[in-house]
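Visitor: Here's the letter readout for the chains.
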Amino acid sequence: MKTIFTRGPSFTLRLFIVIACCVGLLIADSQFNLFSSVRVYLNSIVSPIQYVADAPQKLFSAFSENIMTRQALVDRNQQLEKDNLHLKADRLLLGQLQSENKQLRELLNSKKQFKNKRMITEVMSLRSDPFTHQLLIDKGAINGVYLGQPVINEQGVVGQVSQVGSTTSRVVLIVDASHGIPVRVQRNDAIAVVHGSGAWDKLNVPFVQSNADIKEGDLLVTSGLGGRFPAGYPVAKISRFEYQEGELYATVTATPVADLDRSRYLLLLWNNDPLAGADLTLDSPEMFDEPVQ
Amino acid sequence: MNLFNSYKIIYFTFFVCLVAAIFPLPIILNAFRPDWMVLVLCYWIIALPHRVNIGHAFILGLFLDLLLGSILGMHAMLLSLLAYITSINFQRFRNFTLVQTTLLLGAFIFMSKLALYWIASSMQDIILHRHYFWSVFTSMLVWPWFFLFMRFLRIRFKVS
Numbered sequence: 001m002k003t004i005f006t007r008g009p010s011f012t013l014r015l016f017i018v019i020a021c022c023v024g025l026l027i028a029d030s031q032f033n034l035f036s037s038v039r040v041y042l043n044s045i046v047s048p049i050q051y052v053a054d055a056p057q058k059l060f061s062a063f064s065e066n067i068m069t070r071q072a073l074v075d076r077n078q079q080l081e082k083d084n085l086h087l088k089a090d091r092l093l094l095g096q097l098q099s100e101n102k103q104l105r106e107l108l109n110s111k112k113q114f115k116n117k118r119m120i121t122e123v124m125s126l127r128s129d130p131f132t133h134q135l136l137i138d139k140g141a142i143n144g145v146y147l148g149q150p151v152i153n154e155q156g157v158v159g160q161v162s163q164v165g166s167t168t169s170r171v172v173l174i175v176d177a178s179h180g181i182p183v184r185v186q187r188n189d190a191i192a193v194v195h196g197s198g199a200w201d202k203l204n205v206p207f208v209q210s211n212a213d214i215k216e217g218d219l220l221v222t223s224g225l226g227g228r229f230p231a232g233y234p235v236a237k238i239s240r241f242e243y244q245e246g247e248l249y250a251t252v253t254a255t256p257v258a259d260l261d262r263s264r265y266l267l268l269l270w271n272n273d274p275l276a277g278a279d280l281t282l283d284s285p286e287m288f289d290e291p292v293q
Numbered sequence: 294m295n296l297f298n299s300y301k302i303i304y305f306t307f308f309v310c311l312v313a314a315i316f317p318l319p320i321i322l323n324a325f326r327p328d329w330m331v332l333v334l335c336y337w338i339i340a341l342p343h344r345v346n347i348g349h350a351f352i353l354g355l356f357l358d359l360l361l362g363s364i365l366g367m368h369a370m371l372l373s374l375l376a377y378i379t380s381i382n383f384q385r386f387r388n389f390t391l392v393q394t395t396l397l398l399g400a401f402i403f404m405s406k407l408a409l410y411w412i413a414s415s416m417q418d419i420i421l422h423r424h425y426f427w428s429v430f431t432s433m434l435v436w437p438w439f440f441l442f443m444r445f446l447r448i449r450f451k452v453s
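Taken in order, these protein sequences are the chains called S and Z. Just so we're aligned: 287 in this note's numbering is position 287 of the first sequence, and the numbers increase by one with no gaps anywhere. Just so we're aligned: 386 in this note's numbering is position 93 of the second sequence, and the numbers increase by one with no gaps anywhere.
Bear in mind the hints are in silico, worked out from the structure with no lab data behind them.
30 Å max Cα-Cα, derived BS3-like pairs, lysine-lysine:
no. : chain 1 : residue 1 : chain 2 : residue 2
1   : S       : Lys58     : Z       : Lys301
2   : S       : Lys237    : S       : Lys117
3   : S       : Lys82     : S       : Lys237
4   : S       : Lys202    : Z       : Lys406
5   : S       : Lys82     : S       : Lys117
6   : S       : Lys215    : S       : Lys202
Computed far set for chain Z versus chain S, every beta-carbon distance over 12 Å:
no. : residue
7   : Tyr300
8   : Phe389
9   : Leu391
10  : Met443
Per label pair, the in silico range of CB-to-CB distance:
no. : chain 1 : residue 1 : chain 2 : residue 2 : range
11  : S       : Met119    : Z       : Leu421    : 33 to 41 Å
12  : Z       : Ala408    : S       : Leu80     : 44 to 52 Å
13  : Z       : Leu446    : S       : Ile120    : 41 to 49 Å
14  : Z       : Phe316    : S       : Asn109    : 54 to 62 Å
15  : Z       : Tyr304    : S       : Ala199    : 35 to 43 Å
16  : S       : Gln57     : Z       : Phe308    : 16 to 24 Å
17  : Z       : Ala313    : S       : Gly232    : 37 to 45 Å
18  : Z       : Leu421    : S       : Phe32     : 25 to 33 Å
19  : Z       : Phe325    : S       : Ile142    : 30 to 38 Å
20  : Z       : Phe308    : S       : Leu13     : 27 to 35 Å
From the three backbone atoms N, C-alpha and C, an ideal C-beta is built for every residue, glycine too.
Could you build the full structure based on these sequences and the hints that come with them?
Guide: Here's what the structure looks like:
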């Protein structure tokens, strides 16, 4: 049996030092956000562990792709060809609509860009901290990922980048309790803000007037008002609209349109700042003060 | 040489447990994931308190914070507190039966989960899920087997 208490400072002293460090870190991280820039490097220290944890899943999916039968591949190829044909046909129309839209917007003198740079990314793990809804993706600062970057899949908006590492990043989902996203109702352009509820399939829409024209089944799309998400991507469908007599606001909940817990590939969007090329002089007070000719 | 050999095994188990703590699982099973880090730390502190201690608990807690993307220092604080309690009582815990240590571990993990919830709720808006405390029971289920396996490892590779 070795003597233990002969070397080093006592346990109580060690504990005090460590607790002091922890409290310092907690306050620095949560209140002053001191680590947002250093986290890139810190995250790259632990990324080997993340890759190891992700490896079995990757191997398994690579394996199952390899042992597909010829018939399954042919079927899948045919299906994809069909889908591709339909999508291409839609795209023909889309090009036409785009140019028409551009012409109309030119008539109205409001220019708007619809083309964004995008990048496909793979989900590494879905989890973690039990209190937040996040997922880990395999693109990071070297791919040009930035904080607050919008993330979508083929169904709709998934979330936004909350932490960037050099090769991995973390995405906070729209259902996270701390997440909010400005939307409008596709049917009538009424605007609202969608908050996450903390449950996987529920979103809250607070501060909706009880006489607002919103029905169950309405599609909510991003309004682009916050400047983070580009406008027009579907976010959620209204699942419940209720109000009690005499209350100011209605109780509105929605379900996200994207399968947040089942998507494997996501798209990162580069949102060009909508205010970058905008003509802001109209808003300046001098203009209003000028006498009308 | 002996020292190097011991730390090799100890760090290897830490690495495996870190991987197990973030290993991707389906959403439904996620809440049932045992608290591997608490288990492995408690085992090594009870077995070899002169090797693994509060310092290790702190570093591992920081790693866990980074891996889980939580606020830095949250898990580090809890793990080092648990390490402190274990290391001042390690002689008593050594003489416990397996059933007693299982209950003790359950109590540790329950307290750490409560404290985590408390810290997180004071820092940000969070929602407590019904499944949050299930991992206490899965950890208690896993602990006896984990303990026996680790003892086998320790004796087999002569970690001291």
